[in-house]
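Q: Single-letter residue listing:
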Amino acid sequence: DTAVSQTPKYLVTQMGNDKSIKCEQNLGHDTMYWYKQDSKKFLKIMFSYNNKELIINETVPNRFSPKSPDKAHLNLHINSLELGDSAVYFCASSQPGLGGEQYFGPGTRLTVT
Amino acid sequence: TQLLEQSPQFLSIQEGENLTVYCNSSSVFSSLQWYRQEPGEGPVLLVTVVTGGEVKKLKRLTFQFGDARKDSSLHITAAQPGDTGLYLCAGIGNRDDKIIFGKGTRLHILP
Chain A
5 DTAVSQTPKY LVTQMGNDKS IKCEQNLGHD TMYWYKQDSK KFLKIMFSYN
55 NKELIINETV PNRFSPKSPD KAHLNLHINS LELGDSAVYF CASSQPGLGG
105 EQYFGPGTRL TVT
Chain B
14 TQLLEQSPQF LSIQEGENLT VYCNSSSVFS SLQWYRQEPG EGPVLLVTVV
64 TGGEVKKLKR LTFQFGDARK DSSLHITAAQ PGDTGLYLCA GIGNRDDKII
114 FGKGTRLHIL P
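From first to last, the protein sequence lines stand for chains A and B. Letter by letter, the first sequence follows residues 5 to 117 of the working numbering. Letter by letter, the second sequence follows residues 14 to 124 of the working numbering.
Where hints are given, some of them may not hold.
Simulated crosslink set (PhoX-like; lysine-lysine; CA at most 25 Å straight-line) [to be verified]: (1) K44/A / K83/B; (2) K111/B / K75/A; (3) K45/A / K26/A; (4) K116/B / K48/A; (5) K13/A / K44/A; (6) K111/B / K71/A; (7) K116/B / K44/A; (8) K56/A / K111/B; (9) K40/A / K56/A; (10) K72/B / K111/B; (11) K70/B / K40/A; (12) K116/B / K45/A.
In case anyone wonders, no lab produced these hints; they're calculated from the structure.
Can you build the whole structure from these sequences, using the hints too?
A: This is how it looks when you write it as structure tokens:
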């Protein structure tokens, strides 16, 4: 059974488009995250949700909007995609909070052309 | 702003050799985690260290948390090709519980 799953695995799109990445965890965790990993493998937290409520919103353009319909899902919608948005996006979950082990999804490789 | 510096960034050594990876900061962390990431996959937690001076062993891997909880090291004994991967340290903020990752050490073990 997959603990944290993301779709799609790969996403290639043109500048200016709007796209969404979906994430689901079946671990029963209360906290979910979105991370961005750039080409140099630097992993940076973007958002953190605790039980559907936003608790961390790092300096991320407002073109990025997370949505949590329930505590098992945290989707990421990106408007007006730019070349610099190309990266691998990881969803993760943890329990009880940030001090706990982060369980990462397999990542979504986004390429903006 | 809290920063975690990892060194070296890249390390390529022969199978059987020993190596140490360092994770340093000027900030104090409540705990520190080490993750390993393989190509095309997400990071997987190896260990969490919480107490200053703590040493944890995972088979051939030895993790140490600095006495002041500002730094950590990962030592691998008799490295094997299966140890190849990206090693990331992550610190949990002492005051705000925020997590920050180091930039990683890319390790390649040659058979």
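Q: Hints numbered earlier in the text: which of these fail when held up against the supplied structure?
A: Violated hints (numbers, rising): 10, 11; every other hint is consistent with the structure.
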